[in-house]
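Q: All chains, full assembly: derive it from the sequences and hints.
4 protein chains.
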Amino acid sequence: MKKPLIVVNFKTYAESTGEKAVSMARYCEEVSHAHGVSIVAVPQIPDIYRVACSVKIPVYAQHIDGVGAGSFTGHVTADCILAAGACGTLINHSERRILLSDIDSAVRAAKKAGLTTIVCTNNIAVTSAAATLSPDFVAIEPPELIGSGIPVSKADPDIVRGAVAAVKKINPEVEVLCGAGISKGEDVAAALELGTSGVLLASGVIKAKDPRAALLDLVGKI
Amino acid sequence: MKKPLIVVNFKTYAESTGEKAVSMARYCEEVSHAHGVSIVAVPQIPDIYRVACSVKIPVYAQHIDGVGAGSFTGHVTADCILAAGACGTLINHSERRILLSDIDSAVRAAKKAGLTTIVCTNNIAVTSAAATLSPDFVAIEPPELIGSGIPVSKADPDIVRGAVAAVKKINPEVEVLCGAGISKGEDVAAALELGTSGVLLASGVIKAKDPRAALLDLVGKI
Amino acid sequence: MKKPLIVVNFKTYAESTGEKAVSMARYCEEVSHAHGVSIVAVPQIPDIYRVACSVKIPVYAQHIDGVGAGSFTGHVTADCILAAGACGTLINHSERRILLSDIDSAVRAAKKAGLTTIVCTNNIAVTSAAATLSPDFVAIEPPELIGSGIPVSKADPDIVRGAVAAVKKINPEVEVLCGAGISKGEDVAAALELGTSGVLLASGVIKAKDPRAALLDLVGKI
Amino acid sequence: MKKPLIVVNFKTYAESTGEKAVSMARYCEEVSHAHGVSIVAVPQIPDIYRVACSVKIPVYAQHIDGVGAGSFTGHVTADCILAAGACGTLINHSERRILLSDIDSAVRAAKKAGLTTIVCTNNIAVTSAAATLSPDFVAIEPPELIGSGIPVSKADPDIVRGAVAAVKKINPEVEVLCGAGISKGEDVAAALELGTSGVLLASGVIKAKDPRAALLDLVGKI
Chain A
491 MKKPLIVVNF
501 KTYAESTGEK
511 AVSMARYCEE
521 VSHAHGVSIV
531 AVPQIPDIYR
541 VACSVKIPVY
551 AQHIDGVGAG
561 SFTGHVTADC
571 ILAAGACGTL
581 INHSERRILL
591 SDIDSAVRAA
601 KKAGLTTIVC
611 TNNIAVTSAA
621 ATLSPDFVAI
631 EPPELIGSGI
641 PVSKADPDIV
651 RGAVAAVKKI
661 NPEVEVLCGA
671 GISKGEDVAA
681 ALELGTSGVL
691 LASGVIKAKD
701 PRAALLDLVG
711 KI
Chain B
491 MKKPLIVVNF
501 KTYAESTGEK
511 AVSMARYCEE
521 VSHAHGVSIV
531 AVPQIPDIYR
541 VACSVKIPVY
551 AQHIDGVGAG
561 SFTGHVTADC
571 ILAAGACGTL
581 INHSERRILL
591 SDIDSAVRAA
601 KKAGLTTIVC
611 TNNIAVTSAA
621 ATLSPDFVAI
631 EPPELIGSGI
641 PVSKADPDIV
651 RGAVAAVKKI
661 NPEVEVLCGA
671 GISKGEDVAA
681 ALELGTSGVL
691 LASGVIKAKD
701 PRAALLDLVG
711 KI
Chain C
491 MKKPLIVVNF
501 KTYAESTGEK
511 AVSMARYCEE
521 VSHAHGVSIV
531 AVPQIPDIYR
541 VACSVKIPVY
551 AQHIDGVGAG
561 SFTGHVTADC
571 ILAAGACGTL
581 INHSERRILL
591 SDIDSAVRAA
601 KKAGLTTIVC
611 TNNIAVTSAA
621 ATLSPDFVAI
631 EPPELIGSGI
641 PVSKADPDIV
651 RGAVAAVKKI
661 NPEVEVLCGA
671 GISKGEDVAA
681 ALELGTSGVL
691 LASGVIKAKD
701 PRAALLDLVG
711 KI
Chain D
491 MKKPLIVVNF
501 KTYAESTGEK
511 AVSMARYCEE
521 VSHAHGVSIV
531 AVPQIPDIYR
541 VACSVKIPVY
551 AQHIDGVGAG
561 SFTGHVTADC
571 ILAAGACGTL
581 INHSERRILL
591 SDIDSAVRAA
601 KKAGLTTIVC
611 TNNIAVTSAA
621 ATLSPDFVAI
631 EPPELIGSGI
641 PVSKADPDIV
651 RGAVAAVKKI
661 NPEVEVLCGA
671 GISKGEDVAA
681 ALELGTSGVL
691 LASGVIKAKD
701 PRAALLDLVG
711 KI
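Chains as they are written, first to last, in the numbering used here: chain A, 491 to 712; chain B, 491 to 712; chain C, 491 to 712; chain D, 491 to 712.
Please note: incorrect hints may appear among the correct ones.
Pairs involving identical chains hold if they fit within one copy or between any two copies, as the list cannot separate such chains.
To be verified - In silico lysine-lysine, DSS-like type, Cα no more than 25 Å apart, as pairs:
#, residue 1, residue 2
1, Lys546, Lys602
2, Lys601, Lys510
3, Lys644, Lys546
4, Lys601, Lys659
5, Lys510, Lys699
The hints are simulated quantities; they were obtained by calculation from the structure and are not laboratory data.
A: This is the structure:
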């Protein structure tokens, strides 16, 4: 995937559920292709299949469990989201934290299935811990800034710089994303300046009056 | 839905993932239509859409969370599984227990979306508790018999009778299913004799050498 | 225990930790004995023993797990809090929700040990569900009012009346407490008027400038 | 604390609850003082106070939550176990796994309170992750060997060696313990040979017919 990476989390917003998830993913695809920027659509798990069938940009899951095939009910496995058309997954999102041992199992299962992994974290120490598990990306999101409208890249550049430095020390192959409060092209530019490979955002696009315009603004300064 | 109800949980078995979930659901459909018995397919959450697009029998989710539209990541909402084509859901399966307050929210959210609800329980007391929340069904499954091959209807008929009696006392409109160890037509017949409206099973069909033959056996004594 | 019951949850407040838990329990004891009102002290779990050794009022645990003796680490068992001097326990507090099946196990384990049980709930439906498990008390606390300073008995008398009516229908031997926003004697009086057997409160006493005065005010209108 | 460290987890065993926790801790104390070996007693949380008042060896908690003073009910805080007499704590035991972000908070809270921290882990990758959080110790316990009677130091020496090497790379100040199946002095000797600073065990002592004899055997080859 070409850098920088813009990862759009659809959450469970009504504006990005079911048929609207497909429309939202199409906006992402349109802007991605028009501007040559990698945009990843992260719909709800039941929407992965229909979204993946409809667009030619990467589709990721919002979560997988650290279990495989077997006697598990209601769990989301790497193999099943792969079969549904996903090519990556968020793991340990701040709204869906999992046990450390399950982050490890989930990263392993995803890698085995050939899925790209983004482990979400809340501070520099936890980012270092996540980096030891060698996911493709860690995404640092200070919880107090999530949904705040105040971009982490402005509010707390040191935490982003610190995360980048800490990860390089643990495993230079792991790339860093940042999230929380991102909604403008200047936030993305600032995030890249700080050494990240891109951003993770949700409401800045999904809850925007005009999501396509929001996406265009986001990629405008790259 | 016509009674009795045969609910087939696909779990995360490899034999019922992705394209194989569609094949498995087609066996269920074929036997359901040929024998006039209600069979419900319960695929993994990422498989709901493709299964629901492929068969004309009810498709249920294995789990929903007790949250609605909003800032939730990795959660499975009633609205999203409805949009994906499900018409019902398991709640609180023994492999996916949730908080009492979340069972309540999940049942409410499912009802509001027009979904049929099956709340799974482990003993008579918990079955009574679940019945107060007025789901369409409660499904009692003694944990020690799950996957045992020993049918609850034979091993512990008193727990099934007790659950039926307890539920009638709390809310006679709630119907009772039973599960754990069910694999034969005689198990289904015994479950109905004990006052249930049907059964919940998984490995008895999915892990059978010939799932279609297993389904045929299941409905053979009704 | 003589009604009404005033249950004082010490939470993890600094004002009621360690030696201060003992002092706080002594205030409860003093007011209880002086006014003939039942006041229960609910210190943190590590403080149960020293508090129970120091006062002659009932001491309850804030939480127990639904497990017994065995290979469990970090779990709080009924037998262990009994041995430490507790004579009752909260179960499923809004800040420590547990699975429905664990509420059931915890109530059973507590009863077997001879402990008084208070199952906390968030609405009328969940209160009914809890009542089927036959704890000694259910304590309804609308989450939106917890810590609000607005007493449930004033803000939402219907939820309290509804809970009392629902519980009587399920099991008339289960008594109802209410909580959330309680801090004054008039709140207690209102709660009793609504048919409850008492109240559950925390910050109204523990965070008061003068906890003894707060307790005196609480029992003043009974 | 003088190495090697023998950490005895009392779990919720009946043999080490309440007054029996005190007796068990006295055996630990007696053998520790007689042989100059550091033995740590890890009683259930409600037993910490009475055990800590009765013996002059270190007493640790089995678990703390990653929260501090405040509106938390049923949570175990670093400050409260310190006030109860503990001087350290297990974190993330295999029977009490917690979220990665909570391991981080728990380690921070414990350090701030001056408590020694042992973070439990299940494999080498998770051990590396835990080491980045700079606890005093990590304790690797392969889940499949816990309670098996087959000592990890014999059954899987490579996992122990690998954990020691991985931790040294991340943070050489973090020491490594190992656990699972340990019951003999030779198991302890083997663990030390492999580069650990000691062992974590439970049933090998607590469920022994003669716990004092078991302890004597444990320290016999050091």
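Q: Out of the numbered hints, which ones does the structure contradict?
A: 3
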